[in-house]
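Colleague: Here is what each chain is made of, one letter per residue.
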Amino acid sequence: MFKTTPMAKIRITGLKSSMKATIDILYALKIMHLVDFSKNGTGFLDIGTPFMEAKELSESLVKIDSIVSFYGLRGKPKKIENFYEAKKFFEKVFEEFSGASAKIASAKAREAELRQRLADPMNKIKIDRKYLREYDNISVFTGITKKQLGQALQGHEIQFRLVEEKTGENYAIVLFVQKKDTEKARTILLNSGFSEQAIPEGFSEEKILEELAAVEKETLQAKEFLEKFGKKNSQFLLAYKFFLRELNEKAETPLRFGVSQSTFVATGFVPKKTIKELKNRLESSVGETVHIDFSDSLENAPIKLNNPKIVKPFELFLDLYTMPSYREIDPSFLMAITFPIFFGFMLGDVGYGIIMLAIFGFLAFKAKGQLKGFSRILIWSALSSVFFGFVFGELFGAEFIEPLLNRVHEPTQVLGVAIAIGFVHINIGLLVGFYNELKNHGLKKAILAKLGWIAFESGIVLLALDALQIAQIGMIPGAIVVLVSIAMLYMGEGARGLVELPSIFSNMLSYSRLFAVGLSSVSIALVVNQMAGSLWEAGIVGMIGAIVILVIGHILNTALGLLGCSLHSLRLHYVEFFGKFFKGGGQKFVPFGQIKEN
Amino acid sequence: MVADVAGAINSGLIAIGAAIAIAGAAIAAAWAEKEIGTAAVGAMAEKPELFVSGLILTVIPETIVIFGLVIAYLIVQIAA
Chain A
1 MFKTTPMAKI RITGLKSSMK ATIDILYALK IMHLVDFSKN GTGFLDIGTP
51 FMEAKELSES LVKIDSIVSF YGLRGKPKKI ENFYEAKKFF EKVFEEFSGA
101 SAKIASAKAR EAELRQRLAD PMNKIKIDRK YLREYDNISV FTGITKKQLG
151 QALQGHEIQF RLVEEKTGEN YAIVLFVQKK DTEKARTILL NSGFSEQAIP
201 EGFSEEKILE ELAAVEKETL QAKEFLEKFG KKNSQFLLAY KFFLRELNEK
251 AETPLRFGVS QSTFVATGFV PKKTIKELKN RLESSVGETV HIDFSDSLEN
301 APIKLNNPKI VKPFELFLDL YTMPSYREID PSFLMAITFP IFFGFMLGDV
351 GYGIIMLAIF GFLAFKAKGQ LKGFSRILIW SALSSVFFGF VFGELFGAEF
401 IEPLLNRVHE PTQVLGVAIA IGFVHINIGL LVGFYNELKN HGLKKAILAK
451 LGWIAFESGI VLLALDALQI AQIGMIPGAI VVLVSIAMLY MGEGARGLVE
501 LPSIFSNMLS YSRLFAVGLS SVSIALVVNQ MAGSLWEAGI VGMIGAIVIL
551 VIGHILNTAL GLLGCSLHSL RLHYVEFFGK FFKGGGQKFV PFGQIKEN
Chain B
1 MVADVAGAIN SGLIAIGAAI AIAGAAIAAA WAEKEIGTAA VGAMAEKPEL
51 FVSGLILTVI PETIVIFGLV IAYLIVQIAA
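One line per chain: the protein sequences are A and B, in this order.
The first sequence begins at 1 in my numbering and counts up one residue at a time.
The second sequence begins at 1 in my numbering and counts up one residue at a time.
Simulated from the structure, these hints should not be mistaken for lab results.
Where is the CB? At the ideal position from N, CA and C, for every residue including glycine.
Misleading hints may appear alongside valid ones.
As the list claims (entries may be wrong) - Derived, one-sided and incomplete: chain A residues facing chain B with beta-carbon distance under 8 Å:
id : residue
1  : L320
2  : S506
3  : R571
So here's chain B without its partners, still in its complex pose:
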């Protein structure tokens, strides 16, 4: 019984750890993209041909969230 509860708490903590990893990364990525996206749309309004450069710059922080996913994944794997 005690072991059961401890196990449940353990796996719960692991899940929370993984969630924090991905949530933090996702918030950071969203924040960065918001800043870049605003500027990119502003630039595009002046010069529509900047669309692709704007798009590329905007998706650069996307990598952050993928790192977050990888870390979350590693946490779950290592803990298991």
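Pulled out of the complex, with its shape left as it was, chain A reads as follows:
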């Protein structure tokens, strides 16, 4: 529970001829965390080369990935029984799929072309095409102008014939002038923002529309086909994708091994209790050609957290932060106890607790992935809220039973309890830190660095007892303890320990947020209730308003409390609690062969 799964470092050495079989076994067992081989200057080993089929496999993988992502397929794949049949079938499937996609692509291109022709403004001009030819003494201009041309041509003493059509903001024009006036006309045209454009030949709107309809129908048919096709083959496609991915991963595994002319070496970590199974399986299938040895060097060993089912969701907090290092205590269990307590202490209200219980109870069943984990954590937190709701006697901010501790009327006591919780929590942290130091740096360091803090606290307590005249012991005992503890801390943690001396108090004071955040939550609830209460007396409309205020106010306060309280509770763990013992930096245990999601 507190310890991560014990690991053993393993090295598998064997003949290259057995490499494939070994990989298959390791992949199927899913118990070994492979450590990539890295070439160092002096070794005779080289990084392995992928198996021959890797290239073909990764090509197929690209193909199938494109189809699977086109359909957005997800879910649990079935198993592929016969690779050769599946491969043949996939080739057929891929051909049909790419045929249909190509059809759609070319139809789309044709459609775009037709639409462009349809939208050409020059087609709007109503003029018989037979007039558009070369003349001996007439020049013809066709194109687009920005200004209306008719007015611009007036009063220039040139003879002209103009056909003009407004198209959007511009004008499509055909202008006939005498050859001798060509230059004059050109100047006027340029001043009107003229750009030359030919009138397309053989244009017929009807024909284009007809073809457009045909193309659209074709696209639609191809799309329908693809849709049916996807529905029919989705199971197979997904299964084949995962299957290919597995084969590809196996084929590329030699890249993670060290190889010589005819041998290979694979190193990694396995959980200690699975060693026997691994040995048996390897011996029974590859026998003498592979040799396994173990070493106790657990430097950089991966971390597999090992917690009972009820604590499992709380491992998420370490996932988000960092894994403990191999010899450190796994704090998930401690967090599973204190996180809900802190949360409930801040949001202690029977009503809010029950609302959250309903929401996250539902989500814990329905949601997937991280949200599911969060929901499970928040169920415990909501239960704790209900519990503290009874302690504080609060139901949606209203006092509904005689409270053990009243947050509104006895704030001093609540503040005291909050700081006391901090005192206990931080000292638990120091004790865990003592254990971690003991395992990692020995007894001396553990006593100096961690018990030093506890001694410092005791010294301050002795001084305080005297100063507050609770016990007449004088200043001397307290002062001695404090000085000794400071010396211990200096020896244990160096100058850093001295700099951090005041932090132990600011850390404990930080737990006053348990009181402060709680008080603000109650205050908001009280304000909502008061507003609703005064509206209630103002007749029917007032009653409706009061209900609206109550519902919206309490929903908002629940949401606010949920966010604030979980963040503050989390922060107390990450900053104040973890600061006392947790170093982290461990690597997560990822067994070779574990299927990655999508």
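Start from chain A and add chain B according to the hints.
Modeller: Quick look at chain B alone, frame taken from chain A:
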């Protein structure tokens, strides 16, 4: 009458003292969080897995405002 006015002024000053304690602390905390939050979001844009570290660093100054609250509370208590 004079005593009444003096009492009112006294309690008013106490309230203002408490308000200054919490307001100053809150402004300081907000300022600090603004600086850290900006940097944290910038780092997160590059490396999304820094979310939790960013969050932790951002909420560290939150303690300041809680100290402010405690002081404000003590002012009111001691004065009363």
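Colleague: A separate judgement is required for each hint: does it hold in the structure or not?
Modeller: Against the structure, the hints:
Given the 8 Å rule on beta carbons, the hint for L320 (chain A) holds: about 4 Å separates it from the nearest Cβ of chain B. Because the closest C-beta pair between S506 (chain A) and chain B is about 7 Å apart, less than 8 Å, the hint holds. Against a cut-off of 8 Å between C-beta atoms, the interface hint on R571 (chain A) holds, since the closest Cβ of chain B lies about 5 Å away.
Of the numbered hints stated above, none is contradicted by the structure.
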